[in-house]
Amino acid sequence: MGRHICGRGSLVGNLGQVSQLIVSGITSGCIYSIVAIGFSIIYSSTQVINFAQGEFVMVGAMVVAVMLAKVGLHIAFPIAVLAGCLAGAIVALFVLIPLRKASVVALIIITVGASIMFRGLAQLFWGETAIPVAPFTGVMKDGIVEDRTFRLLGAVVQAQELWVIGVTVLLVLGMHLFFKYTLVGQAMRACSKNPIGAKLVGISVRRTIVLSFVMAAALGAVAGVTVSPVFYAKCNMGTALGLKGFCAAVLGGLGNSGGGVFAGVILGVVESLAGGLLWSDYREAIAFVILLVILFIKPEGLISLRKREV
Amino acid sequence: MQSVSIDTKNDAHGLASTMVCERKVAGAWNLLPFAIFVVVYLMLPRFAQEKQITALIYIGINVLLVVGLNLLMGYTGQVSLGHAAFFGMGAYTSAILTVRPVPQDVIPGMAVGIGVMTGLAALSSLTRASGWRLAAGTVLLFTLSWIVRFVQVPMWAAMPMYAVALGAFGASAKLGWPKCFISGVACAGATWIVHSFLERTLANNGASPWTGMLAGVLLVCVVAYIIGGQVLRLKGHHLAMATLGFGVIVEIVFRQWTAVTGGSSDGIYGIPPILAVDDLPRGLKFIGTSLSVLTGRSLSPQDQYYFLVWAFVLVALVVSINIVRSRVGRAFRAVHGSEIAAESLGVDTERYKVQVFVLSAAMASVAGSLYAHNAGIGYINPSEFSFVVSVELMVMVVVGGMASVWGSLFGAASIQVLKNWILTLEKSEVSLCGLELHGLEPIIFGAVLIVMMIVLPQGLVRGVSDAVVTGWRAIGRVMRKTE
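Heads up: the sequence lines are chains R and U, in that order. The numbering used here applies: residue 80 is where the first sequence begins, and numbers increase by one. The numbering used here applies: residue 6 is where the second sequence begins, and numbers increase by one.
Honestly, the hints are just simulated from the structure, not real lab data. Among the hints, a few may not be true.
[To be verified] Below, a list of computed lysine-lysine pairs in the DSS-like style, where the Cα atoms sit at most 30 Å apart:
id, chain 1, residue 1, chain 2, residue 2
1, U, LYS240, R, LYS278
2, R, LYS180, R, LYS278
3, U, LYS290, R, LYS272
4, R, LYS259, R, LYS278
5, U, LYS290, U, LYS56
6, U, LYS432, U, LYS56
7, R, LYS180, U, LYS240
8, R, LYS272, R, LYS259
9, U, LYS56, U, LYS486
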């Protein structure tokens, strides 16, 4: 992920560096959190790990990057989210057709196939180069939209990073309220608890599954749109984001959205700190090492609410 | 054994299929496919041009990989999305040892790393330690190696030191001291052997390709044993993600450890080819002459490499078919059917899963060495061992058919041909609806994966033959009714 720290002025001492790393860690952690929520939603409705989850983020980011060249953000944003929903519906279709008779291996292969197909399509249509995206609330300077920056404890914070954090908080709250208070949300929770029981009381399980895929995809697309000015939009950005989001989901306990959010932010910060201060060459590997260790020691996740409920 | 009754429907089904499909076919007929294979193998170069020989070499390497992966995925039912890591480790080990003699300053670190891994493998296999005991053992091994390295304890003193310390650890952690004693010796011995081996290759400006291949296989076996022991306890999606994570980590190491692997931009080039026929010892020269009589020309390096690679393929096919038909193979399929049922019949599922994981990793490592020493290329870089390659291998297994050794041959060949075809299509600069057809490969691959899993989850060969059989029966039924 090509984060550009250069050109932000000199960092003030060690504390400045640490807080800078924490800020960028929280930003990427927010994205991991949203991806983790997506994993959890789909996992609880279908017991399928959707390997194409990261590609939803990519679709959102790429569509908004391409659209912004022609139209404003207020049009590009909804279109990007719609494109994400479409991608989610397509994956749902691929999974739904063979769901009842297919083995776990088959479902894994299908979502992996969907993932590489989306990436290939994005590469075919929009090329391999990273596309820079203008920040939401930037100021024009020499014909280029530059982001506003703030100083906080010696760190330089971009306005876009605040946007990312804000949008994440909104989404998390929204999801919580949705699952708790709306009828559809309650139906989805019922499906994840006991599909047969849900069917008996008249909930369409198939519709719930499609809905969960579309919702996960929409979340991913929103994340992609908000984060694209920070990370740039690139056709292969989805794989790493998806995997790290999965790390967060496993850390937080699969199917437990709240834990996933928390774990995502922690993962982002740990990765950023360890990558910045200890092993900069192996920054990308840190999340996976954590994932392996967690899977070896405690596969049910560090923060598992499941047991308390049962 | 058959009289055991199992109440779960699925378990019974899995076991029943395991038992029933073990009907011994008359011995001689088993050899027929091999006879056909050998004849085709020997006669094919006569009718193939250089380009096709190159394609056949790649197909052979892929067949090696896919046969191994099929044992793991098809027969034992364990998904691996990180198989390219073992492929890459084999390739890199033999490339590094032959071309880029390891830099002086990383030798002790490497020796310690491999030594500790060997000690760990010995510890976990002998004592079945896990959890905090295994972690404590690892820490102890690392501490000892660190002390040995920085205090510069000579080898004759280090060996008993390791042995005594580990023995004491074993006694205190209630793992039994003799077993821990042995793993301490293994750790020290491996460190010492690796250290002196690396120093000798450095002095000799590189090892021979065969040494490289052997070293790769040994390294991969140790790594696969350790990783497999932990990873294979997971199931389904967790297993897939864990193997994927392992694959990604290994790829990042290939990219970033520039001192040894050359990084992603340089890679390693100038890897010497294996001239299998020219290098034959004097007594075996007749093989070379008879092969050139068969091909009707003097053997080019490509031809020789073709014969070498497919000889390995033949060995792999014989080995895996024998395994599949043996008691071990039945155990593999029992694990696939239902682990609980298999365990209740006395199958040590964990051991068999690790065994098949190590076996398929070793096969991948051999394939990697063959890939690195390919005549006329002699170049590798990290992107050849990325996640995409793991997915490609999975596609080959799926297309060839899960749990089908001969199907692997077909799967690898068809996907490789498809890949070559896409490449020529991309090179031909045809444009479709104004789009340049670059990077078509992932799209077609993804589509093939999805369609295959939805329409023919049992693979192309078996799927089509099943469809033909059912179609034939349906026609027969209709005919009988009309009569």
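With the threshold set at 30 Å, check whether the alpha-carbon distance from LYS290(U) to LYS272(R) stays at or below it. Between LYS290(U) and LYS272(R) the Cα gap is close to 70 Å, so the pair fails against 30 Å, i.e. violated.
Compare the distance between the alpha carbons of LYS240(U) and LYS278(R) with 30 Å, and conclude whether the hinted pair is satisfied. Cα-Cα ~28 Å, so holds.
Under the criterion that the straight-line Cα-Cα distance not exceed 30 Å, is the pair LYS180(R), LYS278(R) satisfied? Holds, at about 18 Å.
Is it true that the CA of LYS180(R) sits at most 30 Å from the CA of LYS240(U)? 18 Å, holds
Please work out if LYS432(U) and LYS56(U) have their alpha carbons no farther apart than 30 Å. OK: LYS432(U) and LYS56(U) at ~16 Å, within 30 Å.
For the pair supplied as a hint, LYS259(R) and LYS278(R), confirm whether the alpha-carbon distance does not exceed 30 Å. 20 Å, holds
Holds or violated: are the alpha carbons of LYS272(R) and LYS259(R) at most 30 Å from each other? Judged against 30 Å, a Cα distance of about 14 Å means the pair holds.
Given the hinted pair LYS290(U) and LYS56(U), is their Cα-Cα distance within 30 Å? Since the Cα atoms of LYS290(U) and LYS56(U) sit roughly 27 Å apart, the hinted pair holds (cutoff 30 Å).
Would the pair LYS56(U) and LYS486(U) pass a check requiring their Cα atoms to be no farther apart than 30 Å? Between LYS56(U) and LYS486(U) the Cα gap is close to 54 Å, so the pair fails against 30 Å, i.e. violated.
The structure fails to meet hints 3 and 9 from the earlier list, while all remaining hints are met.
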